[in-house]
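Letter by letter, the chains look like this.
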Amino acid sequence: MSEKCSILFIQKKCIQCHGCEVACKSWRNVEIGVNWRRVNISWHGGYPDIKMVPVMVACLHCAKPACVAACPTGAIEKRAADGVVLVNQEKCIGCKVCLEACPYSVPQFGADGKMQKCDRCFQETDGRCSVPPCVATCPTKALQLVSQDKNVYLSFTYCDQSLEK
Amino acid sequence: MNFNNRDTHSRVSGLTLDEALNLAKTNGEQVVPTLCAMCGPTSLSCGVYAFVKNDRFIKVAGMQESSNNKGAVCPKGNAAPQWVYSPDRLKYPMKRVGKKGEGKFKRISWDEAVGIIADTLKRQKEKYGPESLAILAPAMRSYNAYLKRFLTVHGSPNYGHSGICALQRAFSFMYTLADWPIAEIDKSDLVIYWGRQPVFSGPALDGPKALLRLKERGGKIIAIKPSVEPDVCKADIWVPIRPGTDAALALAMLYVVINEELIDKEFVENWCFGYEQLKKHIQKYPPQWAEKITGVSANQICEVARLYSSTQRASIDLGNGVEHAPSANDAIRAVAILIAITGHLDRPGGNVFRSTDSIMPMPRDITLRERYTPEMRDKLVGPEFPKEFQPFIEGFSSAYYRIFDSILTEDPYPVRTVIAPGTQPVVSTRGSRRIIEALQKLDFYVVIDVTRTADMDYADIVIPTTTPYESDHPFEATGGRVMVRNKVIEPLGDYKSIYQFFLDLGVKMGYGKDFWNGSIEKAMDDQLQPFGMNFADLKNNPTGIIYDSLTRAYENYEKMFQRKSPRLSGAPFLPHGKIEIYNTSFEEAGFNPLPEWREPPESLTGTPDLSEKYPLILSDYHTSKNYTASWERNVPYLREIEPYPVIHIHPDTAAEREIKENDWVIVESLHGWMKVKAKLYPGIRPDTVMILHGWWQGCKEMGLEDFPLLDGGANVNMMYSVDPKKAFDPIITAMTSQTLVEVRKFS
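If you read the protein sequences in the order shown, they are chains A and B.
Note that my numbering has the first sequence beginning at 2, numbered continuously upward.
Note that my numbering has the second sequence beginning at 171, numbered continuously upward.
It is possible that some hints are incorrect.
[Stated by the list, open to error] In silico contact screen, one side only, chain A against chain B (beta carbon under 8 Å); selected entries:
no.	residue
1	P49
2	K115
3	P140
[As the list claims (entries may be wrong)] Every beta carbon over 12 Å from chain B, so not counted as near; a handful from chain A, in silico:
no.	residue
4	A71
5	P73
6	F110
7	D113
8	P134
9	T138
10	T141
Read the hints as simulated data drawn from the structure, not as lab findings.
From the three backbone atoms N, C-alpha and C, an ideal C-beta is built for every residue, glycine too.
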């Protein structure tokens, strides 16, 4: 369980079907109104020379997570073994400082007021997944699970089209 | 669990049966291999693994072994459990006790419900004739054959096909080229996606993957549609056409290729009938003329026509978008002619004839077509295609809307019973106002569905049915795969499957012999005969059986052009054994032999006076990423993606009206008004606004209420003209879905 992996998003393969969003919610029982993974769109250019580009918003499990640094109670940790950024629900006080710190607006808050987000589905308790369901469900392999050991640069890069080989 | 191979660049989507079984075991769950049902049960349904915990269906994963989705699942498929357990599910049969439209019902038993329907049909058959029954066709569903069988045994030809989907393209292509040829995308260097949504119509199927493969190979993509959708992001050229003007564009493209002689002369000489007549006729339609109508510049029309005709391996994927205009037949056959005369028919990378692609046999046809008679044809209440061209490939059909119109006009006679199995007339066809009037007047209305429907309150009897996840039949065969729909959970209410319903009704009517005496197993065995196995045998293959594929041959003109049509006479599609550029069959039936332009009932160029009050064009999207037609708004995980009905409006158009993002706006046409939210959409023609069709249903879990079905709601179908003289294509029905509107801020 200690191998380091990343979920890589390859923008040009994404067809904006939103399958990953719902697979994530269904497998992890994510409450209504909370999204651990979102496909947004951004517009480039102007009519009629215009493109609509998908943007994936989900926790990147950053090398140096701003949320970890910002958290006043030390509830967020970057686990050394596999690089996953985890939230300790006991310690979280729901102050939302992490949301302000995160450059991608990833942190989500549900009915219990505590921070929740993608944990890369490497949970070792009940309700396990195989590969993360968002990756498994993707029709075009726009989401891929990649090993950090094989390509360290690649694993920490988000949404870089040049990496697709 | 397979955690060993984390580097999954090459990993396919989904799980294998072993992986699914192991995973379920680890989590204390059961797994059932089955087929998804969120696009309605169809033979194309995706293979999935359904996971069950404590007798509850909790989640799905894609089935890697499945030949069509290869392990992928779209958002709808992933949200299936919420659909199955929705508070909107119908739990038991009901009889209306209040007034029509009031929504007061009483619970009755399944047997009583079937009995009431049978008694009514028997009485009406005796009094008004069997044609007084019409059954509406839902989208392409696995149970359609049962509806047709029931009608034929009863003696009615009134199968109510939409008149706006798929058969329209099939008809115009087949009476021009003898086939509806498909784009061979994997061998094309250029693909034109024309009025087509290759992503949302089957995201987990091969359509989007084929588009990406084309892109990766360096192929060119042209997208023709009024607004930017995901396929347009991948396109090299976007042709932002005005809704409903595809015929004008196609005619102008013919003008370019004919006058610049960008044609395959040998093919035209050998295989086309009437080219010279077209050459003369087409001079009316230069690109400068089309520019005014389509809003596409003459330069771009020439560019696309030249690029297509000069690329040897080029294909056109013509979508449902062209089937919603009174000029639809001419748009489609103009495209068919374009494909043919430029040498792109049945050649590698072009548009190739549909042929059997695997060695898999076809299930036995159970629609009893052999019992069709000319008398039945003559009784069609509102033929979808003129009687001279009936039956067509799906059998006899009356246009869905015309069935309701007959109730009001009594011309040629009023239909007395309408059965709506998995379809919602008020939101599925145009003219919602007339549909509601007709439902008020109709003698007997039966709604069959898994959840409550938009017009259920008008039903005399409501029959709930299983979702396919609660049923162990039927089997589905397509694309070289045959597989049983395995039962995931026991039925949640007092109901049976829709297949069993028609068997039970058949038996109650006294048609038992034709309905396998009510036995589903016997019905399945009968259809499986060509496979050399029975239903029990097939069930022993939980992930189905995959058959080898066949390689295709090209230029199969000689044989194809002799192909017989499904008309009772069996006359060939092409009377001259050649492509009907000049269509003598249409001419004999009193229609124009050559394709021509016809304005929609309301348009900027056709009704300029009206455009002073209503300056914007309105049309609607037929498919969406997260809903199937007018269903599934009740599913929270899907509703979250698009919670409100939104009108796509260009930011400049919005600014002129002081409309901001998310403002509630009124969209008003001659025929009605909607209240929806504004979505500022830079990727849409500034003279056009568009909305997804099918909005009516609320979502209880999210506290979202139903919308009104008419004015003040979001049902785009009430916004269009249903003028019998202007709103329909004269041959293929193809009801208009464009009009003129004004949009203003709601206050």
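Status of the hints after comparison with the structure:
Hint status for P49 of chain A: holds, given a least beta-carbon distance of 5 Å to chain B, under 8 Å. Interface hint status for K115 of chain A: violated, as the beta-carbon distance to the closest one in chain B is roughly 20 Å, over 8 Å. Interface restraint check: P140 of chain A against chain B, minimum CB-CB distance 4 Å, threshold 8 Å, status holds. Distance check for A71 of chain A against chain B: the nearest CB is about 28 Å away, which clears 12 Å, and the non-interface claim stands.
Against the 12 Å criterion, P73 of chain A stays outside the reach of chain B, whose nearest CB is about 31 Å from its own CB. For F110 of chain A, the shortest C-beta to C-beta distance to chain B comes to about 15 Å, beyond the 12 Å cut-off, and the non-interface label holds. Chain B leaves D113 of chain A outside its interface by the beta-carbon criterion, the shortest separation being 18 Å against a cut-off of 12 Å. Once the 12 Å rule is applied to beta carbons, P134 of chain A is inconsistent with being away from chain B; the minimum gap is 7 Å.
With 12 Å as the threshold on Cβ separation, the claim that T138 of chain A sits away from chain B is violated: the shortest Cβ distance comes to roughly 5 Å. The claim that T141 of chain A is not at the interface with chain B is violated, since a C-beta of that chain comes within 12 Å of its own (minimum 6 Å).
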